[in-house]
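A.B. asks: Listed here are the chains, written in short residue letters.
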Amino acid sequence: MTINYNKEIMNSHPWTFFLLLFKWKGSIWKAVYLETIIFLIVYGIISAIYKTVLADSNQQTFESLIRFFDKRLEYIPVELILGFFVTTVVNRWTKLYQTIGFIDNIGLIANCYVRGNSEKARIYRRNMIRYCELCQILVFRDISMRTRRRFPTLETLVASGFMTKEELQLYNSYNTENNIRLGTKYWIPANWALCMTYQARKDGFIESDYFKAQMEAEIRTWRTNIEWLCNYDWVPLPLMYPQLVCLVVNLYFMIAVISRQLITPKHEMSNEIDIYFPVMTFLQFIFYMGWVKVIEVMLNPFGEDDDDFETNALIDRNITMGLMIADNPMTTPEVRKDQFFDS
Amino acid sequence: MTINYNKEIMNSHPWTFFLLLFKWKGSIWKAVYLETIIFLIVYGIISAIYKTVLADSNQQTFESLIRFFDKRLEYIPVELILGFFVTTVVNRWTKLYQTIGFIDNIGLIANCYVRGNSEKARIYRRNMIRYCELCQILVFRDISMRTRRRFPTLETLVASGFMTKEELQLYNSYNTENNIRLGTKYWIPANWALCMTYQARKDGFIESDYFKAQMEAEIRTWRTNIEWLCNYDWVPLPLMYPQLVCLVVNLYFMIAVISRQLITPKHEMSNEIDIYFPVMTFLQFIFYMGWVKVIEVMLNPFGEDDDDFETNALIDRNITMGLMIADNPMTTPEVRKDQFFDS
Amino acid sequence: MTINYNKEIMNSHPWTFFLLLFKWKGSIWKAVYLETIIFLIVYGIISAIYKTVLADSNQQTFESLIRFFDKRLEYIPVELILGFFVTTVVNRWTKLYQTIGFIDNIGLIANCYVRGNSEKARIYRRNMIRYCELCQILVFRDISMRTRRRFPTLETLVASGFMTKEELQLYNSYNTENNIRLGTKYWIPANWALCMTYQARKDGFIESDYFKAQMEAEIRTWRTNIEWLCNYDWVPLPLMYPQLVCLVVNLYFMIAVISRQLITPKHEMSNEIDIYFPVMTFLQFIFYMGWVKVIEVMLNPFGEDDDDFETNALIDRNITMGLMIADNPMTTPEVRKDQFFDS
Amino acid sequence: MTINYNKEIMNSHPWTFFLLLFKWKGSIWKAVYLETIIFLIVYGIISAIYKTVLADSNQQTFESLIRFFDKRLEYIPVELILGFFVTTVVNRWTKLYQTIGFIDNIGLIANCYVRGNSEKARIYRRNMIRYCELCQILVFRDISMRTRRRFPTLETLVASGFMTKEELQLYNSYNTENNIRLGTKYWIPANWALCMTYQARKDGFIESDYFKAQMEAEIRTWRTNIEWLCNYDWVPLPLMYPQLVCLVVNLYFMIAVISRQLITPKHEMSNEIDIYFPVMTFLQFIFYMGWVKVIEVMLNPFGEDDDDFETNALIDRNITMGLMIADNPMTTPEVRKDQFFDS
Amino acid sequence: MTINYNKEIMNSHPWTFFLLLFKWKGSIWKAVYLETIIFLIVYGIISAIYKTVLADSNQQTFESLIRFFDKRLEYIPVELILGFFVTTVVNRWTKLYQTIGFIDNIGLIANCYVRGNSEKARIYRRNMIRYCELCQILVFRDISMRTRRRFPTLETLVASGFMTKEELQLYNSYNTENNIRLGTKYWIPANWALCMTYQARKDGFIESDYFKAQMEAEIRTWRTNIEWLCNYDWVPLPLMYPQLVCLVVNLYFMIAVISRQLITPKHEMSNEIDIYFPVMTFLQFIFYMGWVKVIEVMLNPFGEDDDDFETNALIDRNITMGLMIADNPMTTPEVRKDQFFDS
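Keeping their order, the protein sequence lines are chains H, F, W, S and R.
Residue 48 in my numbering sits at position 41 of the first sequence, and the numbers go up by one each step.
Residue 221 in my numbering sits at position 214 of the second sequence, and the numbers go up by one each step.
Residue 97 in my numbering sits at position 90 of the third sequence, and the numbers go up by one each step.
Residue 100 in my numbering sits at position 93 of the fourth sequence, and the numbers go up by one each step.
Residue 163 in my numbering sits at position 156 of the fifth sequence, and the numbers go up by one each step.
Just so you know, not all the hints are guaranteed correct.
Copies of the same chain look alike in the list, so a pair counts if it works inside one copy or between any two.
[To be verified] SDA-like, lysine to any residue: derived pairs with alpha carbons at most 25 Å apart: (1) 78 / 181; (2) 127 / 345; (3) 127 / 206; (4) 127 / 331.
Just so you know, the hints here were simulated from the structure itself, not pulled from any lab data.
Isolated chain H, as found in the complex (with noise of 0.2 Å):
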C-alpha cells in the first residue's frame, strides 16, 4: 500500500517530522535495516580481528592500509551521483504516475453522451467502461507484479468477471507468434470500446456524429496514457545508469568497512576516543544508502515495495467507480433556484 503521511505533516510543528520517524511501513528504517546489520557485523568482524588476532607487526601493516584507504575514500564522487539520479527518476516517477489512469473522465463523458436510463444505454456504457478497464488490467499484468499476482491468467479475468468467456475467445483469436512483445494486443479492449461508440450512434443512443467523436477521443487519450506505461517500461533508462549509482555507493561502503576503522591508540598518538562503535560511519551509511532506496522504490513504482503504486486498488477503484458512473446518468437533482437566489 502506498503510504499516505499527508495528514501528518498538514501543519508544521517542531515535531511534526520527527513524528514521521516513527513509522516503519515504507519507512527508511524498513529499507535499510537488513543492509546497516550487514555492514555493522562486517565492521566488526574486521574490528575484532585487528585489534584481538593480529601480530604487532600485521596490526601495523593493517593500518598503513587503513590510512591508504582513508585518505582516498574521497575520490568517490557518491553525493552528486545520487543528486542527480535521483531527481532524474523522480521525474520519471511523476510521469508515470500522471498517466496511471483515472477513469472518471470516461465515464462521465460516456454519460454525457450515452443518454438515456434504458437497459441498452446502460449495457453500451458499462461496456465501453469495462473495456477501457481492461485495457488497463492488460497492461498492469505485465508490469505489475502484484497485478500479476492478482490475475495470474486470462481466465481469472473471466472468472472475475471483467471479461466474458466469449471476449476472451475473441481475444485468443488474435494470438500471432509476435504478438506476445512489445504490447501488441493491448489495443484490443480499446478498439471494442471505439466500437462500442460506433454501435450506439448507429443505434441512436448518441445524437450526434460530433459527440461520438469527443467519446472516441477520450478513449483514445485513455488508452494512449496507458500505453505509455507501456512504453516506459519498455525502454527504462539505460542499465548503466542505476549500475553506477548501485555501484558508486556499494563501493564506497566496501572501502570504508576498511578505512574508518580506528587506529588504536598504541600506534597512533590520538587524541579522539575510541567508542567501538562506528556511529558516524554508521549515520552515513544510513543516509546514503536510504538515498538509494529512494531510488530504488521510485525506479520501477509497479513492484511490490511498501511505497510502490497500489495497481490492484486502482483497478477495484475503477472499475466500482465506473460502473457507478454509468449507471446514474440523469440521477441529477431538480433544477430550482439555490439558496443564494436573491430575487
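Position chains F, W, S and R against the provided structure of chain H, taking the given hints into account.
C.D. replies: What follows is chains F, W, S and R alone, placed relative to chain H:
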C-alpha cells in the same frame, strides 16, 4: 493566510530583502524559533555540565569524544540532500497550485452558451457553477484541514447554502461501502453539472450541440484538475524521502550539540576565543532547519500553516464570483466607437 | 526598461562577454554598488579600530575572535541555497513571462471571423480588442507598480481612452464589498468581449456558430493567461524561502566583516601580505550579493527595476497593434503567381 | 537491444541492485572495461619505469612532478560538469523517446472513421498505416545506424514490402538537388496518407467531413513527432559541450596517471601501504568514465549500442500491429450485459 | 553552420568521444584558443618579471601577495554559478529551437484543405506558404545577424522573390512611427495568409467552414511560435545574470594569473617541481572558459557562431519544401493492395 510579500519586493533596493526579515507571520523566525531554543538549551546544559560538573579526567574523555565527532561531522551529507529534495518539492507544490481551481472560466463559458436573462437561464447557470464549486469543496474537505474544520459534516454544506437538502439526500443515496476511500463520490456533483447542460440544451437555453459539448468539456477540465489534487494526495512522494531528509538534519544537529562544544583552553592550546554562545552553529542550525521548514510547508500545502493555500478564501471567492458572473450575462456596454476611432 | 543585450552577444568573441560588463543600466554594478560601499566602510572602520585604537591585549582578544569566526564561516551553506533557489525563481519568472499576454492572436482571429470593412464590423473588432486589453490593464494595475503609477484611478483609464464613461459606470455598478480582493472584477471586460462576439454573430458579422466558439475560446485563453498573473501574485513562493536566502547571504557577510580581518604580523607569523583592502572578500561579496540581486529582480518582475517587465510598453504595443490589426482586416495583396511559379 | 531490467528491480531487497551488477550486456562493465585496461596498463608502465628504471635523482625529479600534479588535480571540475550535463542529456533523451512514434493511435482512429469490412476499406486503412510507417522508416534510415543497415537503399524497402515499385518511382520523381539535406522528402508518404483520407471520404468510407479532419489531424501529429526526431538530429547540443565534458574527464585521468603514483618510502616518509595496484584511482576511473558512458549512450540513442532505441524492432512492431488493427475493425464482442450487471 | 556530430557518436567506443576532440569548427578549441593565449602570455610576462627583473626583497613581497591570493582564491564560487546558469540557458535554448518554425505542417494542411490541381488552387496554396515564410523571414531579420546580412533591406526580399513589389508597397503603407519597435508589423503577412484562406473558401477551393477554421488555426499556431522568438528576444534573462557569470570567471583568472605563480625554491622549500608552464591552471582555464563559451553560444543562438541556428538554411528549406508540397497536392499512388495483404 498565504503571506503576500510581492509588494515589498517590487523594486530592488539594498534594503528590499532586509525588510522581509522583519515579518513574523509565515516567517522563518516563527518556523524555527522553538527548535532553536530547544537546541540552545540542550547545548547549554551539556556545556555547563562539561565545564563545571565533570572532573578533569572526565573532561578529557569528553573532549576526545568532541574531537571524534567534530572530525566526522562532515560525513553527513546535509546540503545536497536538502537541495535536491527541495527542488522536487517545489515542482510538486507548483503543480498542485496550478490545478487548484479558479472558477472564472466555468462562469464565463456558462454566460457564453447558456444565454438569456430569464430566471430559468439564471438558475441553470447558477446551478452549474454551484455544482462545480461543490465538487471543489468536497475534495478540499478531504485534503485540507481548514476546509474540513469549516465544513465538518455534509449538513454544514446545506446550512451554508452550497447544497440543498434534496441534493444532500440524493448525494447520500449513492453511499456504498467502498465509496469512502479513493474519492469515489467526487464525480457526483460534476455529473449534476453535466446533466444541467443537457437539460439546458433540451430547454433551448443552449443554442447548439457544439456549444453544449464545449460547455461540458470545460466542466470536465475543471473536474480533472480538482481530481488531481486528490490523486496527488493519494500518492505522495515515497515516505522514505522526507524521512531521510528529516533524519539527516536532525541527526546532524544531535551530533553537533556535542561536537561543537568548545574545548577548554586548559586542555587544548587554541588561539580562538570562547564566546560561550555557539553563534556559528546557531546560524547553521537556523539555515538548515529553515530549509527543512520550507520543505515541510510546501510538501503539504493544504494544512493550516501561515503559508498554506487558503482553501476557504478560494471557496468564498469562487462562489461569490461565479454567481456574480452567472447573474450578469449580458449587461454589456452599448456597441459604440471607441475614442481612438479615427473616422 | 528591460535591458536588451542580445545584439551584443550575438557572436562569441573573446571580448563578447567583457563588453557586457561595461553596461550600467540593469547591471550587476548598479545593483550591488550601494551594498558594497556599505560593506567596505564597515569593514574599514572595524579594521581601523582594531589596528589603531585597540590596546595590545584587546587586539589579541579580537584576533582570537577573528580566528573563531574564520574557522567556522564555512558552516554557512551559501552557494547551494542560492543555486537551488535561483533555479526555482527562474522557472517561475519564465512562466510569468509566458502568460503575460501579447494580443496579436486576438486581433488576427477577430479579423478572420468578424468579417467586413463596414464601420460596424470595425467597431466590433476594435471593442473586442479594447476589452481584452482593458482586462490586461486592470490586472497590471494591481500587480505592477509602473502601471499603477500610470493609471492611479479608473478615471485615468477613461481619460486615456481605454474605457468610455459608460463602461466605467457599468464597471463600477458591480462594486461590492468583497470584490476588492482576489481579483473578482477582472472578468468583467472579458465578459464584455465575449458578449461582443455574441452580438456580432446575431448581427451576422460572424458567419457561423463554430467561428463564434473559436473566437470565444481565444478570448478565454487570453483571460486565463492574464488571470494566472494574478494567481501567481496571490500565492508567491512561501515567504520563508526568500527570507532564508536573504538571511544566509547577509549574515554570511556580517560575520565576514569580522572574520576576514587580517591579523597583524605582530601577533601572527604569516607569509602573506596585508594589502589593507580585502580584495577577495570584496569579490566574493559582489558575486554572492549579485546572485541575490538576480533573485530579487526575477522574484517579482512587475516592479520598477531596470530589468522588470515593461508593462506599460506592452500595453501601448497591444492597443496600438491590436487596433491596427482590427482596422485592416482584408487589405491583402491581389492573388497572383509568385516569382518562383514555374509554369 | 534495449536492456530491460524492470523485472529485476520490481521489489526492493538488499540484493536488488546488487543483482543488476552481474549483467554484462549494456552494463557499465562492458562500457568501460577497455578504457580501464588501457588506463591500468599505462599506469603500470609508468610505475614500473619510475620504480625500476630511473636513477635515484631522476626518481626525485619525477616525485616532485607527482607532487606538483597531485596537489593541483582538484583544479579540474569533473563532478559538477558531468552532473549538469547528464541532466541536460537525460531531458533530451526523454523528449526523443516521447516523439519516437507508436502507431497504435493511427490504427485505431482509422478503424473508427474508415468503416466497413469491405476489401476497399481495408486497403484504405492498410495504406494509411503503411504510409505513416514508411514516413517513420525514411526518418529512421537517416538517423539510426541500425535501420540504415537494414534498409541500405530505397529498393530494399520495396523488397520488404513497405513500398510498392510504383510508390518508389513516384517518390524518386520528386528528387531534386537540394532535397537531400534537411529531410525535405519525409513529407511525401505523409502526404500520401493524407490523400488517402481524402479519397476515402470521396468514396464514402469516411462518413463525415469532421471525421476526415480528425483523421488528418492524427496523421499530422504522427508526422510532426517523427519530424522532431530529425530536427533534434539536425541541431544537436552545441559540439562544444560534449567536447568539454569529454576533455575534462580524459585529461583528468591523463594527469592522474602520473599524479596518483605512490612515492617510494625511500624518499618520503609515509605511513601508508603501497599495494602496487591503484585501487581507489581505479574505482574513481570507473565511476567518472561510467558517467561519461551514460552520457554517450543517451546523447545519441539511435546508434547500435546495447541500450540504444531498437528502431528496427519498433518498425516491425508498428507494421505488424498497425496492419492487424486495420484488418479487424469491427470484430467486437456482442453487446450484452456484464457480470456485475445487477438488474 | 550548426555542427552535426551525431554520426560520430552513434556508437559508444572507447575512442568515440576522443574523435570529437579533433574537430575544429564549432569546437571548444576554436572558442577558447584566443583567450588561452592571452592568459598564458600575461602569465608568462608576470612570471618573467617576477623571476628575473625583481630584486630579492621585491620578490619576497610579491610572493606574499601570491600566497595571499592563492589562499583566498576559493572564495570565488565559479563552479556552481556556472552549473546552475548553464541549466537555465540550455532550457531557454531548447524552447527557442522548438518554436523556430518548420513549415511542413502548413504545407500539408494546405494540401488537405485547399484541394485541386487547378492553377488558381496552386496559387492559393503557394501564397499561403509564402506569406507564412515571409513572416518568419521578417522576424529572423530582426533577431538573426545572418538573415539580416542576407536581407539587409526589404527590397532584397522582393529581389529574392519572397515578396512581390505590390506586397512590399502594401506592407510599407502600414508604416507608422511606433511600429518599428516591438515587432508590430510581423502580423501583416500572417494576416495575408489568413485572408487567403478566406478567399479560397469563398472561391470554393476549401470545401467547408470547418476546414477553413483548421487551416487558420494552423497558420495562427505558426505565427504564435514565430512571435515567441521575438518575445524571448525582447525580454532576455536579466542582464545581471550573464554579467555575473562573466565576471566570476574572468576575475577568477585575473586573480589566478598572480596566485598561481610558483614561488621560487629559493624562498620556499617545496618538494614540487617547477615546470615553468602552468599546466593545471591552463587546463582549468580551458574548462571554465569553455563552459562560459557554451553559455555564450546558447544564450543567443541567432548569431553567427559556428553552432548557432542556421536561419538562412532554414528559410531556404522552408520555402523550397513548402512550395514543393504546395505543387503536389494529389500525386498519390493508386490505391491498391500492399504486399502483406493476405487475402
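A.B. asks: Taking the earlier hints as the rules, which of them does this structure contradict?
C.D. replies: The structure conflicts with hint 1 only, although it agrees with all the remaining ones.
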